[in-house]
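*Asks:* Single-letter residue listing:
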Amino acid sequence: MSERPSTPAPPELTCDRCQLPLVLGKVKASYLGNSFEVELSCCPGCGFIYVPEELALGKMAQVEQALEDK
Amino acid sequence: MDGQQVKLWESRCIEEFPPACSAACPVHLDVRGLAELLRKGDLRAAHAHACRFIPFPGIVGHLCDHPCQSACRRSESGDAIRIHELERTIATAGFNAPPFRRGRAMEKKRVAVLGAGLSGMTAAADLIVKGHEVVVFEANAQLLGRLRQNPNLPASILEADLARFENTGIEFRYEQTANAATLADEFDAVYVGTGPAGQSDIDIDPLTYTTRHPKIFAGGSRRYGSHYSLITSLSDGRYAALSIERMLQGASLIANRDSQGSQASRLYVNVAVHAPLPAVAPADPAQGYSPAEAQAEAARCFPCHCLECVQVCPYLEHYGGYPKRYIREIYNNETIVMGARKSNRMINSCTLCGLCAEVCPEQLGMGEVCLSARQGMVAKNHMPVSHHDFALRDLAFSRSKAFALARHQPGHNESALLFFPGCQLSASSPDHVARFYQHLCAKVDGGVGLMLGCCGAPAHWAARDDLFGETRADFRAEWERLGKPPVITACSSCYRMFTDHQPDVPTESVWTLLERIGLPDAGGVPSRLTIHDPCTTRHESAIHASVRRIAHQRGATIVELEGAERTTCCGFGGLAQLANREVADKIVDRRIGQNESDHLTYCAMCRDNFARRGKRAVHILDLLYPDGDAAARADPGFSARQENRGRLKRGLLRDLWGEDVTEPADDIELAMSAEVQADLEKKLILLDDIRQTVRHAETSGEKLIDQKTGHFVAQHRPVAMTYWVEYSLEGGRHVVHRAYSHRMQLEIAP
Chain L
1180 MSERPSTPAP
1190 PELTCDRCQL
1200 PLVLGKVKAS
1210 YLGNSFEVEL
1220 SCCPGCGFIY
1230 VPEELALGKM
1240 AQVEQALEDK
Chain H
675 MDGQQVKLWE
685 SRCIEEFPPA
695 CSAACPVHLD
705 VRGLAELLRK
715 GDLRAAHAHA
725 CRFIPFPGIV
735 GHLCDHPCQS
745 ACRRSESGDA
755 IRIHELERTI
765 ATAGFNAPPF
775 RRGRAMEKKR
785 VAVLGAGLSG
795 MTAAADLIVK
805 GHEVVVFEAN
815 AQLLGRLRQN
825 PNLPASILEA
835 DLARFENTGI
845 EFRYEQTANA
855 ATLADEFDAV
865 YVGTGPAGQS
875 DIDIDPLTYT
885 TRHPKIFAGG
895 SRRYGSHYSL
905 ITSLSDGRYA
915 ALSIERMLQG
925 ASLIANRDSQ
935 GSQASRLYVN
945 VAVHAPLPAV
955 APADPAQGYS
965 PAEAQAEAAR
975 CFPCHCLECV
985 QVCPYLEHYG
995 GYPKRYIREI
1005 YNNETIVMGA
1015 RKSNRMINSC
1025 TLCGLCAEVC
1035 PEQLGMGEVC
1045 LSARQGMVAK
1055 NHMPVSHHDF
1065 ALRDLAFSRS
1075 KAFALARHQP
1085 GHNESALLFF
1095 PGCQLSASSP
1105 DHVARFYQHL
1115 CAKVDGGVGL
1125 MLGCCGAPAH
1135 WAARDDLFGE
1145 TRADFRAEWE
1155 RLGKPPVITA
1165 CSSCYRMFTD
1175 HQPDVPTESV
1185 WTLLERIGLP
1195 DAGGVPSRLT
1205 IHDPCTTRHE
1215 SAIHASVRRI
1225 AHQRGATIVE
1235 LEGAERTTCC
1245 GFGGLAQLAN
1255 REVADKIVDR
1265 RIGQNESDHL
1275 TYCAMCRDNF
1285 ARRGKRAVHI
1295 LDLLYPDGDA
1305 AARADPGFSA
1315 RQENRGRLKR
1325 GLLRDLWGED
1335 VTEPADDIEL
1345 AMSAEVQADL
1355 EKKLILLDDI
1365 RQTVRHAETS
1375 GEKLIDQKTG
1385 HFVAQHRPVA
1395 MTYWVEYSLE
1405 GGRHVVHRAY
1415 SHRMQLEIAP
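Line by line, the protein sequences give chains L and H. Going by this note's numbering, the first residue of the first sequence is number 1180, and it counts up by one from there. Going by this note's numbering, the first residue of the second sequence is number 675, and it counts up by one from there.
I should point out that these hints are in silico values taken from the structure, not numbers from a laboratory. Predicted model only: the values in this text are computed from it and were never measured. In this text, a Cβ means the ideal position worked out from N, Cα and C, and glycines have one as well. One or more of the hints may lead you astray.
Derived DSBU-like pairs: lysine-lysine, alpha-carbon spacing no greater than 35 Å straight-line [as the list claims (entries may be wrong)]:
(1) H:Lys-1357 <-> L:Lys-1205
(2) L:Lys-1238 <-> L:Lys-1205
(3) H:Lys-1075 <-> L:Lys-1238
(4) H:Lys-1382 <-> L:Lys-1207
(5) L:Lys-1238 <-> H:Lys-1054
(6) H:Lys-1054 <-> H:Lys-1016
(7) H:Lys-1357 <-> L:Lys-1238
(8) H:Lys-1016 <-> H:Lys-1357
(9) H:Lys-1016 <-> L:Lys-1249
Restraint ranges, calculated between C-beta atoms of paired labels, are given here [to be verified]:
(10) H:Gly-1198 <-> L:Gln-1241: 51 to 57 Å
(11) H:Arg-931 <-> L:Ser-1209: 53 to 59 Å
(12) L:Ser-1209 <-> H:His-1175: 36 to 42 Å
(13) H:Arg-1369 <-> L:Gly-1224: 19 to 25 Å
(14) H:His-1411 <-> L:Cys-1225: 20 to 26 Å
Using the sequences plus the hints, can you model the full thing?
*Replies:* Printed below as a string of structure tokens:
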């Protein structure tokens, strides 16, 4: 996964519970015992991490497959 | 995977055997490759290709006795390819053969060649390329003396071939005769190729060209007398040089020489599929083929390949190879120590349908190979989770209380038979299952028990032997509790699983039973249907016959494709559809494209896959219970499949067993466009996953809101998948705008 998300969260997306706009934050991504750090949009209040569809089906799926084939 | 077994499988794929022409050529000239280049009109490349095999392309092009042509398989459908004429066209096209280049030997040795005929000069060429010092002794004043007297060989052609020897470092000693035994004292090896006039008392080994003297090798026209063959004489020089090289290196002279010399090939070629074609006649026979004529003649070459399996299987075609190569890749995939296992998806994309073994001249089945590889992957914990996870969760659903059921017929304490409709028919046509069960109950004395559940096929296909064992144990416990009645299966995969893996369970297909007990009452509707036999019934001729007779009784005129034993998979077998949608779609698309008429099948998954890809198709039960335009019925999709199973069980409990079962109320009512629904289906996201995610967001408040659209974005990770749903609330309904999922787990970094 790239160091930065391929598509940052749109500015109009806010946390419904905390009523706060999302900010980029460091996130630990793990799969099959491997983990690494990435920057993703998160709620600064509750820590809700947002994954856009392009990321989930793109780079994230690629990394998942690469780890499954490792 | 067992290495010995892998070698056995590999040995049964014959695609890599040479075509008959190359096998018949003593030096195995790649005639098929030449024809392919000529077919493209690339004479220059064809010439260069010939020069790689033949040291004297000009001479051979004019004088070869072409044993290749007699072996040509084209002769079984028209005339043999005029290979010699093609060689001549190449030889006279005016291209210069590349000169030989002296190689670098690790340990340079000195070799004497006696006689500068074709065999001696070939040996000299091969040994100089290997980097040795070569001295040629010729009794006459010229090289290739006898060939110079041949009126059919222009001198310019001979000289052009000899030009390849210039500046190679070979030392030619003209007008010198020498004694081989004496030379053997001075040189590390000696080749005697002195022609028919030479010493005749040499005893030559036909495989290694060795003589009684360990350093002296011999061959060439001396071996043939009146049966002289130019190309065989040339090949003697080549194989003697190989022996000399091996002797100089201290290697075995006899190892790996099985393919040496002219021989028959094991390559299977289905000649019958090629229409007969006569040879192209050159406009001027004395001049031979023009380039255009040669191109037309080369285009008659099939070319010879086996590929019987690849031609019938979109999966085998998809990966661009053939079984022998795949088997090697699959074995490497398992034994690789570092790096990615690149063949995982290929291994999981096979439908295990068995068609390849059916058409293979050696009965090699890739399904057996792939299943064995899957077992190895599971055993070593290398099976990619994502490939089979969805199918195994679906299996878990079928084993759960939501669907599983095992009962005697209402009002009975024992069962003469046990009906096992299977999970996919129940998922596709729950109403048919319920009606059909009642028909069985009405027609069979002694009670017909009912068992809803899974036969374990998905676990077997995923090589999850543990889970397959558990599923079989579930079945056995209930079957024994019901008194071990004979099992009647409606699904051909269930039939396969029971007969192959629980042979002590008496199993019969419902279609053969139905013929004995009689069909449900309903009028036949005339129809014309192409029958598709499920791949899991490939050799079940009694079932094939029963289904055809049943369809006939219902007014159907049956159109056959290649016959039941050559049937294909619908793409679902082996869980291929879940591991590789692209390949599975190619498989089903090829099948449904075979003709225009509606398809008739007796596997619910086949019918629904045909429908999913736009083919009008009916299940045999649609003929038993006619109701409108059944062939237009859409694929229910994965969500409805699970819901239908649950609904079937609840309906049966209510209607047949009189239990008070209520339908679960949906707290989350979903709505979405057809596009979104199709997208979810492709992404293997169930409506139940969506409901859980929305429910989680609504109860916990954990969701995002898009201030511009007012849409909510929710996420939920019930077990190993995170589901994302974008939805809005409209009139009390949750309108789904998109959903997706990932497996990676995320948390705020500490």
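*Asks:* Mind listing which of the numbered hints don't hold for this structure, in increasing order?
*Replies:* 3
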